[in-house]
Amino acid sequence: MSGLTALLSQTRGRDGWDWTDYFTFFWLGAGLLVMFGPAIWLVLSSLKTPAGLSEFPPTFLPYKAETIQVDGYDKPLPLYRVTTEEGVRDLAELRRVGTVAQMIDPEQPDERLRVNIADRTPIRKVGFAWENFIDPLFNSNFPTYLKNSVFVTVMATLITLLTNSMAAFALSKYQFTGRNTVMILILATLMVPLSVILVPLFSIISSVGLFDTLWGVILPTVATPTGVFMLRQYMLTIPDELLEAARMDHASEWQIYWRIVLPLTAPALAVLAIFSVVWRWNDFLWPLVVLSREEVYTLQVGLNAYAGELNVQWHFLLAMTVVTMVPVVLVFVFLQKFITTGIAGAGLK
Amino acid sequence: MPSPGKIVGAVVTAPLQYMGQLVDPLLRRWQSWTGLNGMAAFFLAPNMLIFGVFVLIPMGMNIVYSMTSGNALFLKDREFVGGTHYKTLLDCQNYFDPQSCHQDLFWIAAGNTFQFVICQVALMIVVCMITALILNSEIRARSFWRAVFFFPVLLSPVVVGLIWKWILQRDGVLNAVLLDMGLEPINWLIERGWAFFAAITVSVWAHMGFYALILLAGLQAIPKDLYEAAEMDGTRHMRVFWRITLPLLMPNLLVVLVLSLIRAVQIFDEAFVLTGGGPGTATMFLTQYIYEVGFASILKNPGLAAAASILMGGVLIVLTLLQLGLTGRKDRAR
Chain A
1 MSGLTALLSQ
11 TRGRDGWDWT
21 DYFTFFWLGA
31 GLLVMFGPAI
41 WLVLSSLKTP
51 AGLSEFPPTF
61 LPYKAETIQV
71 DGYDKPLPLY
81 RVTTEEGVRD
91 LAELRRVGTV
101 AQMIDPEQPD
111 ERLRVNIADR
121 TPIRKVGFAW
131 ENFIDPLFNS
141 NFPTYLKNSV
151 FVTVMATLIT
161 LLTNSMAAFA
171 LSKYQFTGRN
181 TVMILILATL
191 MVPLSVILVP
201 LFSIISSVGL
211 FDTLWGVILP
221 TVATPTGVFM
231 LRQYMLTIPD
241 ELLEAARMDH
251 ASEWQIYWRI
261 VLPLTAPALA
271 VLAIFSVVWR
281 WNDFLWPLVV
291 LSREEVYTLQ
301 VGLNAYAGEL
311 NVQWHFLLAM
321 TVVTMVPVVL
331 VFVFLQKFIT
341 TGIAGAGLK
Chain B
1 MPSPGKIVGA
11 VVTAPLQYMG
21 QLVDPLLRRW
31 QSWTGLNGMA
41 AFFLAPNMLI
51 FGVFVLIPMG
61 MNIVYSMTSG
71 NALFLKDREF
81 VGGTHYKTLL
91 DCQNYFDPQS
101 CHQDLFWIAA
111 GNTFQFVICQ
121 VALMIVVCMI
131 TALILNSEIR
141 ARSFWRAVFF
151 FPVLLSPVVV
161 GLIWKWILQR
171 DGVLNAVLLD
181 MGLEPINWLI
191 ERGWAFFAAI
201 TVSVWAHMGF
211 YALILLAGLQ
221 AIPKDLYEAA
231 EMDGTRHMRV
241 FWRITLPLLM
251 PNLLVVLVLS
261 LIRAVQIFDE
271 AFVLTGGGPG
281 TATMFLTQYI
291 YEVGFASILK
301 NPGLAAAASI
311 LMGGVLIVLT
321 LLQLGLTGRK
331 DRAR
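Respectively, the protein sequence lines represent chains A and B.
Note that the working numbering gives residue 41 to position 41 of the first sequence, counting from 1, and the numbers run on in steps of one.
Note that the working numbering gives residue 26 to position 26 of the second sequence, counting from 1, and the numbers run on in steps of one.
Calculated directly from the structure, the hints in this document are not laboratory data.
For each residue, glycine too, the CB sits at the ideal point set by N, CA and C.
Incorrect hints may appear among the rest.
Claimed, not checked - Residues from chain A shown here face chain B by an in silico Cβ test under 10 Å; the list is partial: (1) 28; (2) 34; (3) 36; (4) 45; (5) 49; (6) 168; (7) 170; (8) 190; (9) 205; (10) 209; (11) 248; (12) 264; (13) 310; (14) 314.
What the hints assert, rightly or not - Just a sample of chain B residues kept apart from chain A, beta carbon distances all over 10 Å, derived: (15) 69; (16) 71; (17) 81; (18) 225; (19) 243; (20) 250.
Stated by the list, open to error - Which residues of chain A face chain B? A few of them, derived with a C-beta cut under 10 Å, are: (21) 74; (22) 77; (23) 79; (24) 150; (25) 151; (26) 164; (27) 165; (28) 204; (29) 206; (30) 207; (31) 226; (32) 238; (33) 242; (34) 245; (35) 301; (36) 325.
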């Protein structure tokens, strides 16, 4: 909101509003709507009942039909507002046959009324269909997908941080023959995205027995060239004298790496960790190729499978999409600064 | 309260810390045996091993794969056929008419990708340029607005695809808005042209924040006194833009151009979830072609998919060399 009020009170022209002010106003306002709107619509929709979702035109907020418990009936009955010749009454529906509904007055449950469905509207109030989120937890594979995604993301990020920082340490703090060759090799792979080596990579993964396993998803992604580069650039700024002093004190090379260089590289490591979490959480094409059993699906692959079903259960699908979005939104809210400085500084994504 | 970065750092390093204590004695022995250079090899080994097995070897294998045929997965079971796959892919009577090609689907996908790249990158550059200029002007709460445009960048392509699939449905909210404004509803994902349009706009929506950020960084690096001098001379807005902003922003603009080209050529995830390549083949792009031919379709032909991926890789290598040249020049200029 602070952004909005700030926006409303700004002008560029010295006397009144310039056209650039109108344009800025329009662009930022439209940006707010277009960028956040779809995600907000997703969240609102995910809280609607299947009946609410099939409505057209859709309501903005999620509504739930009101029901009433009537004596003599096990299940709660849906309430309708019925316009009859005697006036407007609230009735509960027993069953519907064609265009005629059998209804009863909750006050006098013995008398059955026949009402044309054109004469009635459901009574409803704003209500959230939390069952969209709760049901998949118990009777679908969703918890498995979630667990798999968390495992892949955490393991891949840990391995990425360790191997990339070790390689960056070697490439920035040792003078050895072949250093440039190694750099060029790593650089060269920037040109070869996964989509280009899909077929041979699949055969390698299969031949080492990692087809259809989570490790098959994790391993090919962890040796990120961008990570090595970013960390190396950062480590180059650490003065070599520090390392020399430690060697004088008989520190082992591992201790130098672990106790001196790594702590000093913490800011760059944090940025890489955040990026790696987002990358691995969002990965789609490679898991789609490697994973074929439902038990090992990650969230992204699982969502795609649900969306591809013949009868898409949108109320579950939207709820699960929201859950998939949550970690990334948390990263966005709390760690956005790290990412934007990372991009502006190194141009990585 | 500790900063979020510290918390992330602590969580991440805890298990590694334990591991480090275990390996240290072994490493001391290794070091006394091999000396400093041996240690460099040790530090490089894990990354290069993973790298070699899962990136470098596949790169080489891809070429061999593209020259073998059959359905067998492992190279030793495959039959060598030389350049046949390339010949099949490039076998066309008229390169502008996919129907006349032996592999019509490949040419449809290539044509779609070409159109997509041109439209998406052009739209991307314009939208990002405007956004960056506005974010760089004297607005209040700049970091808030920057975050607004950056938000979709972090979303997974699958989530992006599903969000928009839900909005663009025939009974979706966008058509409700159109009806409300007295317009005809549109079959966004069912009509060929509109589906293509949707694929372009959705991918611009998802990635524009990233490129706008790079442009914004470039704009903020332009010295302020240049603008002050122009204002003193009474130069008009448009002229300031063409004579000062654009020339000085050019390095960043070129980086954005090449990066977005590279990304657009590989378009797959969000378009695949949004349209599944349809209606028909209207939004079938090259990566989807490789995926379908290599893994998904009944006409599985890994050799053909490898050949197609090498052709696509060639384009990407040219673009990446261009980018490396550009960034290299930028770094030296600093």
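Which hint numbers doesn't this structure obey?
Failing hints, ascending: 5, 10, 11, 12, 13, 21, 22, 23, 24, 25, 31, 32, 33, 34.
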